[in-house]
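S.K.: First to last, the sequence lines map onto chains A and B.
Going by full-length UniProt numbering, the first sequence opens with residue 1, and the numbers climb by one from there.
Going by full-length UniProt numbering, the second sequence opens with residue 1, and the numbers climb by one from there.
One or more of the hints may lead you astray.
Which copy is meant is left open, so a pair is good if it fits within one copy or across any two.
What the hints assert, rightly or not - In the DSS-like style, the derived pairs of lysine-lysine whose C-alpha atoms are separated by at most 25 Å in a straight line are: (1) 6 to 321; (2) 294 to 126; (3) 294 to 369; (4) 337 to 447; (5) 369 to 519; (6) 203 to 6; (7) 447 to 118; (8) 337 to 161; (9) 519 to 258; (10) 130 to 372; (11) 258 to 130.
Just so you know, these hints were derived from the structure itself, not from any lab.
There are 2 protein chains.
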Amino acid sequence: MRSLRKTLLLAILVSVVLVLALLHSWPTRAYTTVDVWQRPGPIVERHLEERLPEADHRLGNIPFRVRDSVAILLARNGCVCEGESGGVNLPFAQLLFPRVSAHPLHTAFEASELEEMKRRRAKEYKSFQKRSESLADVLIIAEANNPLQYPTQGVEVRPLKTIIIPGRVRHTFVKVDCCPTVKINMTATLGTLNVAAEVDGVKIKGDGEMHMTLSSSLLPNLNRQLQFVTYTNTLFHPSTADTVHFETEGHQAIFSIKIRHGVTPKLYNTGSKGEYNVSALVTIATKTFLRYDKLQDLIDSVRRYYPTVTIVIADDSENPKTISGPYIEHYIMPFGKGWFAGRNLAVSQVTTKYVLWVDDDFIFTANTKLEKLVDVLERTTLDLVGGAVREATGYTATYRQTISIEPGEEDGDCLHMRRGFHHVIQGFPNCVVTDGVINFFLARTDKVQQVGFDPRLTRVAHLEFFIDGLGSLHVGSCDDVIVNHATKIKLPWVTQSESDKTYAKFRYPPASSDATHTKNGLLFFKNRFQCLTHN
Amino acid sequence: MRSLRKTLLLAILVSVVLVLALLHSWPTRAYTTVDVWQRPGPIVERHLEERLPEADHRLGNIPFRVRDSVAILLARNGCVCEGESGGVNLPFAQLLFPRVSAHPLHTAFEASELEEMKRRRAKEYKSFQKRSESLADVLIIAEANNPLQYPTQGVEVRPLKTIIIPGRVRHTFVKVDCCPTVKINMTATLGTLNVAAEVDGVKIKGDGEMHMTLSSSLLPNLNRQLQFVTYTNTLFHPSTADTVHFETEGHQAIFSIKIRHGVTPKLYNTGSKGEYNVSALVTIATKTFLRYDKLQDLIDSVRRYYPTVTIVIADDSENPKTISGPYIEHYIMPFGKGWFAGRNLAVSQVTTKYVLWVDDDFIFTANTKLEKLVDVLERTTLDLVGGAVREATGYTATYRQTISIEPGEEDGDCLHMRRGFHHVIQGFPNCVVTDGVINFFLARTDKVQQVGFDPRLTRVAHLEFFIDGLGSLHVGSCDDVIVNHATKIKLPWVTQSESDKTYAKFRYPPASSDATHTKNGLLFFKNRFQCLTHN
Numbered sequence: 001m002r003s004l005r006k007t008l009l010l011a012i013l014v015s016v017v018l019v020l021a022l023l024h025s026w027p028t029r030a031y032t033t034v035d036v037w038q039r040p041g042p043i044v045e046r047h048l049e050e051r052l053p054e055a056d057h058r059l060g061n062i063p064f065r066v067r068d069s070v071a072i073l074l075a076r077n078g079c080v081c082e083g084e085s086g087g088v089n090l091p092f093a094q095l096l097f098p099r100v101s102a103h104p105l106h107t108a109f110e111a112s113e114l115e116e117m118k119r120r121r122a123k124e125y126k127s128f129q130k131r132s133e134s135l136a137d138v139l140i141i142a143e144a145n146n147p148l149q150y151p152t153q154g155v156e157v158r159p160l161k162t163i164i165i166p167g168r169v170r171h172t173f174v175k176v177d178c179c180p181t182v183k184i185n186m187t188a189t190l191g192t193l194n195v196a197a198e199v200d201g202v203k204i205k206g207d208g209e210m211h212m213t214l215s216s217s218l219l220p221n222l223n224r225q226l227q228f229v230t231y232t233n234t235l236f237h238p239s240t241a242d243t244v245h246f247e248t249e250g251h252q253a254i255f256s257i258k259i260r261h262g263v264t265p266k267l268y269n270t271g272s273k274g275e276y277n278v279s280a281l282v283t284i285a286t287k288t289f290l291r292y293d294k295l296q297d298l299i300d301s302v303r304r305y306y307p308t309v310t311i312v313i314a315d316d317s318e319n320p321k322t323i324s325g326p327y328i329e330h331y332i333m334p335f336g337k338g339w340f341a342g343r344n345l346a347v348s349q350v351t352t353k354y355v356l357w358v359d360d361d362f363i364f365t366a367n368t369k370l371e372k373l374v375d376v377l378e379r380t381t382l383d384l385v386g387g388a389v390r391e392a393t394g395y396t397a398t399y400r401q402t403i404s405i406e407p408g409e410e411d412g413d414c415l416h417m418r419r420g421f422h423h424v425i426q427g428f429p430n431c432v433v434t435d436g437v438i439n440f441f442l443a444r445t446d447k448v449q450q451v452g453f454d455p456r457l458t459r460v461a462h463l464e465f466f467i468d469g470l471g472s473l474h475v476g477s478c479d480d481v482i483v484n485h486a487t488k489i490k491l492p493w494v495t496q497s498e499s500d501k502t503y504a505k506f507r508y509p510p511a512s513s514d515a516t517h518t519k520n521g522l523l524f525f526k527n528r529f530q531c532l533t534h535n
Numbered sequence: 001m002r003s004l005r006k007t008l009l010l011a012i013l014v015s016v017v018l019v020l021a022l023l024h025s026w027p028t029r030a031y032t033t034v035d036v037w038q039r040p041g042p043i044v045e046r047h048l049e050e051r052l053p054e055a056d057h058r059l060g061n062i063p064f065r066v067r068d069s070v071a072i073l074l075a076r077n078g079c080v081c082e083g084e085s086g087g088v089n090l091p092f093a094q095l096l097f098p099r100v101s102a103h104p105l106h107t108a109f110e111a112s113e114l115e116e117m118k119r120r121r122a123k124e125y126k127s128f129q130k131r132s133e134s135l136a137d138v139l140i141i142a143e144a145n146n147p148l149q150y151p152t153q154g155v156e157v158r159p160l161k162t163i164i165i166p167g168r169v170r171h172t173f174v175k176v177d178c179c180p181t182v183k184i185n186m187t188a189t190l191g192t193l194n195v196a197a198e199v200d201g202v203k204i205k206g207d208g209e210m211h212m213t214l215s216s217s218l219l220p221n222l223n224r225q226l227q228f229v230t231y232t233n234t235l236f237h238p239s240t241a242d243t244v245h246f247e248t249e250g251h252q253a254i255f256s257i258k259i260r261h262g263v264t265p266k267l268y269n270t271g272s273k274g275e276y277n278v279s280a281l282v283t284i285a286t287k288t289f290l291r292y293d294k295l296q297d298l299i300d301s302v303r304r305y306y307p308t309v310t311i312v313i314a315d316d317s318e319n320p321k322t323i324s325g326p327y328i329e330h331y332i333m334p335f336g337k338g339w340f341a342g343r344n345l346a347v348s349q350v351t352t353k354y355v356l357w358v359d360d361d362f363i364f365t366a367n368t369k370l371e372k373l374v375d376v377l378e379r380t381t382l383d384l385v386g387g388a389v390r391e392a393t394g395y396t397a398t399y400r401q402t403i404s405i406e407p408g409e410e411d412g413d414c415l416h417m418r419r420g421f422h423h424v425i426q427g428f429p430n431c432v433v434t435d436g437v438i439n440f441f442l443a444r445t446d447k448v449q450q451v452g453f454d455p456r457l458t459r460v461a462h463l464e465f466f467i468d469g470l471g472s473l474h475v476g477s478c479d480d481v482i483v484n485h486a487t488k489i490k491l492p493w494v495t496q497s498e499s500d501k502t503y504a505k506f507r508y509p510p511a512s513s514d515a516t517h518t519k520n521g522l523l524f525f526k527n528r529f530q531c532l533t534h535n
C-alpha cells in the first residue's frame with residue numbers, strides 16, 4: 001500500500017509539473033500576423049475632393065492675371081540641368097563674377113553600364129520610398145461647415161498603447177426639432193476604438209473594434225461621451241501613423257494619429273560645472289596618411305593650448321608608425337582604405353559631447369580658441385559650427401556653402417550649391433547660418449555620428465558630408481576662431497620626399513576608379529541626383 | 001601728349017577694375033539676423049480652447065461610469081519603478097514563470113555625486129528638448145462650423161522656397177443679404193504670403209508680408225483668388241514648421257506648414273541582377289579581443305560557404321597579431337578601448353547595402369544561409385533581422401525582446417523589456433517582429449550606422465543598441481537561420497590559457513568603473529531613465 005501511495009504521489013507531482021509547464025508554454029495571446037511587405041497600400045489622398053459641391057467647377061470660368069514675380073518662385077515639374085551662360089569675358093571675370101556651372105552626373109558611368117545603373121537605382125529608390133513614406137504626410141483637407149470639432153494635429157500614441165483622443169471632440173449639431181438621434185461613426189485602421197467611461201443615454205456599438213458608433217438623442221450626453229473616446233494601437237510598427245475617420249450627418253472629419261516611441265534623448269556628461277571644461281567636452285578627431293611629420297606638428301601645437309584633450313587619429317598609411325603620448329588614441333586601418341572611411345572611424349570612437357574635426361596638417365595658434373566654438377553650440381540650437389583656416393599667405397577661408405535640392409522626376413533631383421550663407425546669428429556677430437563649411441568644425445557628436453562620413457568615398461570628398469546631413473544638421477560658421485594650415489607651397493629647390501610623392505598619387509588620383517564610388521557616381525546612384533550646379 | 005593719353009587710359013582702366021571689384025563685394029542682399037538661441041518660443045497650444053462656447057462647462061455636470069478595462073490602459077502621470085511581487089516559490093519557478101524585476105537606475109551613482117548628476121542631466125535634457133520640439137507636433141483643434149475649407153496636414157515647403165497653399169482653400173460664406181464684403185486675414189511667422197495670380201474684384205493688402213488680407217464682395221472671385229495664395233519661407237531652418245492662421249468672420253483656421261529639405265535617399269549598388277550576390281550585398285562585421293584562435297575558426301567557417309564576402313574585424317587586443325587573407329579588413333584599436341567602440345568602428349567601415357553582425361566565437365554551418373536573411377530584408381520594410389545561435393548543447397536561442405518606454409516626470413522615464421515578440425510576419429512563418437534580438441543579425445548598413453553602438457559602453461552591453469534604435473529600427477527575428485556558438489563550457493581538467501584569463505578579467509569586470517559609462521549609469525544619464533524592468 002505504501003509503495004502504491006508513493007507511486008500515486010509521484011504521479012500527481014509529475015502531472016502537476018507537466019500541467020504547469022504546459023500552461024507556461026501555452027500561448028497566452030494569439031499572435032496575429034503582420035504584413036510588412038514592400039508593396040503600396042491604400043493612401044488617404046484627396047479623399048474629400050470627390051465630395052466637394054459643384055461650385056468648384058464654376059470657379060474655373062473666373063479669369064486671372066499671373067503675377068510673374070511670384071509664379072517664377074514656384075517649383076517646376078522636374079528640374080533642368082543648366083548653369084549660367086554668357087557673362088563678361090574679362091581676365092578676372094570668374095573671380096569677380098563667379099558663374100554657376102552645371103554638371104550632369106550620369107557622365108560618371110560608361111555608356112555601356114548606364115542603363116543598368118539607372119534600372120538598379122530606380123529599383124532601390126522604389127524600396128526606399130515604401131520604407132520612408134508616411135500617412136502622416138498625406139494631404140488632408142478640413143471640410144467647411146463641419147458640425148464636428150476635432151484635433152487635426154498633435155495626436156500621438158506609443159506603439160501598442162492607448163490614449164484618450166484629445167481635443168474635446170464635440171458635435172455642434174444645431175437642428176431645432178426635438179430629439180432626433182445623432183449618430184457618429186468612427187473608424188481606425190491600425191488600432192481599435194473604445195470608451196474609457198460610459199455616459200447614460202448614449203448607445204455604443206463596436207467598442208473595442210476598428211469601427212465604433214456612438215448615437216444619442218441627447219446632444220450634451222453625446223458630447224460628454226465623446227470626451228472619453230480612446231484609441232488603442234494594435235498593429236505594431238515602431239514609427240507610423242493611423243488615419244482616423246469620424247463621420248456624421250454626411251460630414252467627414254479625418255486626422256492622423258502618430259504611432260511612435262517618442263525621441264529617446266542621447267545626453268552627454270559635461271564634466272565639472274562652471275567654465276567650459278574643454279577636455280571633458282571635446283575630442284579632437286583627424287585622419288592621417290603618410291604625413292607623420294605634419295601630424296606631429298599638429299599634435300604639438302594642440303598640446304601647447306590643450307594638454308589633456310583627447311586626440312583620435314585614424315591612420316591608413318602603408319607602414320604605420322607608432323604615435324604615442326597621453327590622451328592619444330591611434331587607430332590603424334587597412335592601407336589606403338580611404339578618406340571618408342577614416343573620418344567615419346575617427347568620429348565613431350568619440351565619447352565626449354562634442355567632436356572637433358581637424359585635418360592632419362593644421363596648426364593650432366593662440367587664435368584657435370575652442371571655448372568660443374563650444375560657447376556657440378552650448379547656447380544655440382546649432383549642431384555644427386565651422387571656423388576659419390588661415391593659409392601661409394595670410395588668406396583665411398571659411399568655405400561657406402548653401403545647399404538646396406530641387407526635386408526632379410525619374411532622372412533624379414538637382415543639387416544646387418552656392419557660396420554664401422543664409423543669416424547672421426543674433427548675438428554672435430562673427431557667425432552665420434549656412435549649409436556647408438570648411439574642414440575645421442566643432443559638432444555635436446551624436447549628430448555627426450548619425451549623419452556619418454560615407455566610407456564609399458575613398459579619395460577626394462568634402463561637401464558630401466553636408467549633403468548627407470541636409471535636413472538633420474543645423475550648420476553655422478564663425479570667422480573669429482582660426483587654425484593655421486601648414487604650407488602646401490612647393491619650393492622648386494626642395495625635393496619632394498618619397499612619402500610626399502605617394503601621398504600626392506593617392507590624394508590627386510587619376511579618373512579611373514570604380515564608378516559608383518566616385519564623388520559624382522555616388523551623387524548619381526546613392527542620393528539620386530541627375531545634376532550638380534555650383535559657383 | 002602721348003604719355004598723357006597713356007596715363008589717362010591707365011587711370012581709366014584702374015578705375016574700371018576698382019569699380020568692378022567694389023560692385024562685386026557690394027552686399028547684394030541685406031542679410032537678416034536669425035535667432036537660434038536655446039530659449040522657449042511662443043507655441044500654439046490650445047489656442048482655440050479659450051474661444052469655445054460656454055456649453056463645455058455644462059458638460060461637466062453630466063455623470064459617467066468609468067470602464068476599468070480601458071481606463072487601466074491609459075498612461076499614468078509619471079511611471080513607477082515596480083516589478084512583480086510574490087508568485088509561486090517552486091524550484092523552477094523563475095524558469096517556468098519568469099517574474100518581472102524592477103531596477104532603479106540612480107543606484108549606479110554614489111550618493112555623493114547623485115545630486116550633481118541629476119542637475120547636469122536636467123540641464124542637458126532641457127537643451128535637448130529645445131532642439132527637438134517642433135510646432136508640427138503641437139495639438140491643434142479644428143473649430144466646428146468653420147466657413148473655411150483648408151488643409152490640415154501634408155503642406156510642405158523646402159527651406160527658403162515657395163509653394164501654393166494646397167487644399168483649395170475656400171470660403172463657404174452663406175449669408176443671404178446681397179454683397180457684403182467678405183474678408184480673410186492670413187498670418188505666417190517664418191515666411192511671407194503672396195498671390196501667384198490676381199483676380200478681379202478682390203482687394204489684396206499686405207501681399208509679400210507676414211500678414212495678408214483678401215477682401216471682396218464677390219464670393220466666387222474671392223474663392224478663385226484663394227486658389228492662388230502662396231507661402232514663401234524666409235527664415236532659414238533645415239527642419240522646422242510654421243503655423244499659419246486664417247481668420248474670417250470670427251472663425252479661425254490654423255494649420256502647419258512643414259519646412260524641410262525632404263529625405264535624401266542613401267541607396268546602395270546591389271551588384272549583378274538575378275540571384276542574391278551575397279558578396280556584393282553583405283559585409284560581415286565582428287570585434288575581437290584576445291581570442292585569435294576562435295576568430296580564425298570563425299573566418300575558416302565563413303570561407304567554407306562564402307569565399308569572397310568581406311570580413312571587417314575591429315581588434316583592441318593588447319599585442320595585436322596580423323590577420324591576413326583576401327577580403328579581410330583588420331583594424332587595430334587602442335588596447336581595451338571597448339566592446340561597443342569596436343562594434344561602432346566595424347560598422348563604420350562597411351560599404352555594402354547590408355552588414356551581418358557576428359561575435360568572434362561563432363561558427364558558420366550549412367544552416368547559416370545568409371541568402372534567407374537577405375531575402376527578408378529585400379522583400380519587407382524591416383531594417384534588421386536576427387537569426388538563431390546554437391550552443392554546443394544543442395540549445396538554440398533567438399533572444400527576442402520587446403522594449404517599451406513609459407514616460408516619467410522629472411525623475412526620468414521607465415524602460416520595460418520583456419521576452420517575446422509582437423507579430424508573426426506574413427509570408428515568413430519562421431519570422432516575427434520584435435524590438436531586440438540576439439547578436440547574430442543582418443541589417444541595413446545605413447540604419448545601423450545611423451543608430452550606432454555607443455562607444456561609452458566599454459564592457460558588457462547588448463540591448464543598449466536596440467534601445468538607442470527604438471523608433472528608427474524596424475526589427476525582425478527568424479529562427480531558421482542558425483549559427484553555432486563555440487563552446488564556453490570550461491572542462492575542469494583543461495587549464496585556462498593566459499589569454500583566456502585576461503579575456504575573462506575584461507569580459508566580466510568588477511563593479512568599480514566610471515559610473516556614467518556603466519550600463520545603468522548610461523541608461524540613467526544618457527537616455528534619462530529612472531527605472532528598468534524586465535523578465
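S.K.: Could you run down the list of hints and mark each one as holding or not?
M.R.: Here's how the hints hold up against the structure:
1. 6 to 321: This pair counts as neither: shortest intra-copy Cα distance 77 Å, inter-copy 63 Å.
2. 294 to 126: For residue 294 and residue 126, neither the intra-copy (46 Å) nor the inter-copy (41 Å) Cα distance is at most 25 Å.
3. 294 to 369: within (21 Å within a copy, 48 Å between copies)
4. 337 to 447: Both. Shortest intra-copy (24 Å) and inter-copy (22 Å) distances satisfy the 25 Å Cα cut-off.
5. 369 to 519: neither (33 Å within a copy, 34 Å between copies)
6. 203 to 6: The answer is neither: 61 Å in one copy and 101 Å across copies each exceed 25 Å.
7. 447 to 118: Classified as between; 23 Å across copies, 31 Å inside a copy.
8. 337 to 161: neither (47 Å within a copy, 40 Å between copies)
9. 519 to 258: neither (37 Å within a copy, 31 Å between copies)
10. 130 to 372: For residue 130 and residue 372, only the inter-copy Cα distance (21 Å) is at most 25 Å; the intra-copy one is 44 Å.
11. 258 to 130: both (17 Å within a copy, 21 Å between copies)
In summary, the numbered hints that this structure violates are 1, 2, 5, 6, 8, 9.
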